[in-house]
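Protein chains: 2
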Amino acid sequence: MIKILVDAMGGDNAPYATVAGAVQAVNKDKELYIILTGRQAEVQAELGKYKYDASRIEIIDCPDVIDMNDVPTEAVKRKQSSLIAAYWMLKKQDDICALVTAGSTGATIVGGQLILGRIRGIKRPALCPAIPNSRGGQTLLIDCGANAECKPAMLCQFAVLGSAYAKAGFGTESPKVGLLNNGTEEHKGDPLRLETYKYMSEMKGVNFIGNVEGRDIMLGECDVVVADGFSGNIALKSIEGCGKMILGVMKKEFSATLGSKIGYLFMRKAIRKMRAQLDFDKVGGALLLGLKKPVIKSHGSSKPATIANSIANAAGIYRNKLIPAVEELLAAADIDSFTVPCNDD
Amino acid sequence: MIKILVDAMGGDNAPYATVAGAVQAVNKDKELYIILTGRQAEVQAELGKYKYDASRIEIIDCPDVIDMNDVPTEAVKRKQSSLIAAYWMLKKQDDICALVTAGSTGATIVGGQLILGRIRGIKRPALCPAIPNSRGGQTLLIDCGANAECKPAMLCQFAVLGSAYAKAGFGTESPKVGLLNNGTEEHKGDPLRLETYKYMSEMKGVNFIGNVEGRDIMLGECDVVVADGFSGNIALKSIEGCGKMILGVMKKEFSATLGSKIGYLFMRKAIRKMRAQLDFDKVGGALLLGLKKPVIKSHGSSKPATIANSIANAAGIYRNKLIPAVEELLAAADIDSFTVPCNDD
Chain A
33 MIKILVDAMG GDNAPYATVA GAVQAVNKDK ELYIILTGRQ AEVQAELGKY KYDASRIEII
93 DCPDVIDMND VPTEAVKRKQ SSLIAAYWML KKQDDICALV TAGSTGATIV GGQLILGRIR
153 GIKRPALCPA IPNSRGGQTL LIDCGANAEC KPAMLCQFAV LGSAYAKAGF GTESPKVGLL
213 NNGTEEHKGD PLRLETYKYM SEMKGVNFIG NVEGRDIMLG ECDVVVADGF SGNIALKSIE
273 GCGKMILGVM KKEFSATLGS KIGYLFMRKA IRKMRAQLDF DKVGGALLLG LKKPVIKSHG
333 SSKPATIANS IANAAGIYRN KLIPAVEELL AAADIDSFTV PCNDD
Chain B
33 MIKILVDAMG GDNAPYATVA GAVQAVNKDK ELYIILTGRQ AEVQAELGKY KYDASRIEII
93 DCPDVIDMND VPTEAVKRKQ SSLIAAYWML KKQDDICALV TAGSTGATIV GGQLILGRIR
153 GIKRPALCPA IPNSRGGQTL LIDCGANAEC KPAMLCQFAV LGSAYAKAGF GTESPKVGLL
213 NNGTEEHKGD PLRLETYKYM SEMKGVNFIG NVEGRDIMLG ECDVVVADGF SGNIALKSIE
273 GCGKMILGVM KKEFSATLGS KIGYLFMRKA IRKMRAQLDF DKVGGALLLG LKKPVIKSHG
333 SSKPATIANS IANAAGIYRN KLIPAVEELL AAADIDSFTV PCNDD
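Sequence order for the protein chains is A and B. Using my numbering, read the first sequence as starting at 33 and increasing by one per residue. Using my numbering, read the second sequence as starting at 33 and increasing by one per residue.
The hints are simulated quantities; they were obtained by calculation from the structure and are not laboratory data. We put the beta carbon where it would ideally sit given N, CA and C, even for glycine. Mixed in with the good hints, there may be bad ones.
So the derived label-pair ranges between C-beta atoms look like this [claimed, not checked]:
hint	chain 1	residue 1	chain 2	residue 2	range
1	B	Thr105	A	Thr289	54 to 64 Å
2	B	Glu360	A	Gly153	57 to 67 Å
3	B	Met33	A	Asp311	45 to 55 Å
Make a model of the complete structure from these sequences and hints.
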């Protein structure tokens, strides 16, 4: 039994999308047990629309909802909110494995740090989605939104965290780490990048390959791309917008003429495969890496399928024992391997 | 006759791509006259491969070449280099209309400022490509690489420059300007974004619609997206990488089975149209906006078609009298319209 909390009130389409996604997830994975936190009546009404095994979905009534405009450090005090109540359960109950939320990114991060707590030695958790790349693998982009302002020491820790994720989560032997920059040459970038480059080159235990550019994320030039949360977020969302535009163009062009409609019949499989590769709802959210249990931040505009994929991702991370593996890698390794050769301030 | 300088030695594929691109351009546009700056013998050898009207392509021998690792402020002193020689000709000869280079971005920017000179009142030129969006129009992204480090006053000037470009270049009446950020809410972003948001909201003559995200560039939520050169570059190249990956997937999937091959025959037109929309070589480079004449920075990895498109773009900008129109908009307007309500430092 894998117990996963879902913040039923989080996201633009909640509770419709969160509840529908939870139902899809339990119907697909017989080991799952979902705890929905949210306004009992609203969540119950949504649940009533679907067929599912009622012994595997539970509602915890939380009358309060945090929205995108709430100040995260204040929001985290609201214990009756669907997100914060979930965090307290995640912290206190050993049998609960993970949390999925499509709600406020800020509150998710602050709650993670203040309530759930960080892996020993980690200063700042970071959002880290696994983005499908053109080599058929995935590129881990860390950070993509948790820390808008970063110092070199933080970027160096992201390199360690991302490497551990690539090893433990995807079996990559010596993950190649690139620093996201506005050019590949060593002298490129702003002072943050210039300083980080210097420190990262000296890090033992991190296979630093130098600067990479935005295009290298999807081209898969490395396994881990390290960014501050601001530019990482810009990269992730730019890619998402490009994918969305292309899906739109495909839809239009492929039904424009009789010829293309006939062609479509022959190419359905190929097109479906292409669509799947472009469908960022399948990414399964971004892992908030650096916390003691898996917390998945799903897109604010998550649809039911997005939530279902994020839940499946959370279950997978739990099954693969990713967090203990990361902790072990960090703790067991020679301390030199993770020395960040710069101060935090 | 439209005389355009092409830095024949600039870019990864020079002089092959620059010369071939110049030939394609003159063969397509009967009004063009191209001046290639570069090593005479090498350029001549490339030119010898093609058929073209020899009275419309000229070579200026420049024995020196600036490469990506040269320090821009030093490189700009090398008057015998293909790029700097071109800049001096552009400055001194009234009948030369524009410059196209795929060479060092840094040297192109420094040369533009120190040799060619800026439009009156403009403190920093910025790279501004016109990116095709899903509304069938284009989104101007300014800056995407000229200024890695920015202050609020610079971003405010980019808003003015971008608006003038949208008006003069694309006839957009009251161009919508968005600030590229890691969320749309007013409180989002790092201190640079927070401060800029405040100032930009107070700007008269700029139709500021608030924060936009990376995805809005291609979805076309606004006409002008203002960014610092660092994150703008990340956005542009992330989009480019996504486009490249998708073209690769298309190529593979559409020839994977007999069915898809048959389908392809019916869908050729639709697929060609889709490809064209994804082909970032067609963007025609990025205008270095803020200088006294059009300077187009083409991609370092430009192929012949990319160079030809950049030349066509430069010719179009000259024909549409974009620079004088921008100057006029800046000069004629009530000074309040362009007041940047913050200091440069």
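Against the structure, the hints come out as follows:
For Thr105 (chain B) and Thr289 (chain A), the hinted distance range of 54 to 64 Å is satisfied, since their beta carbons lie about 55 Å from each other. The hinted window of 57 to 67 Å between Glu360 (chain B) and Gly153 (chain A) holds, with their beta carbons roughly 60 Å apart. At about 51 Å, the CB distance of Met33 (chain B) to Asp311 (chain A) agrees with the hint of 45 to 55 Å.
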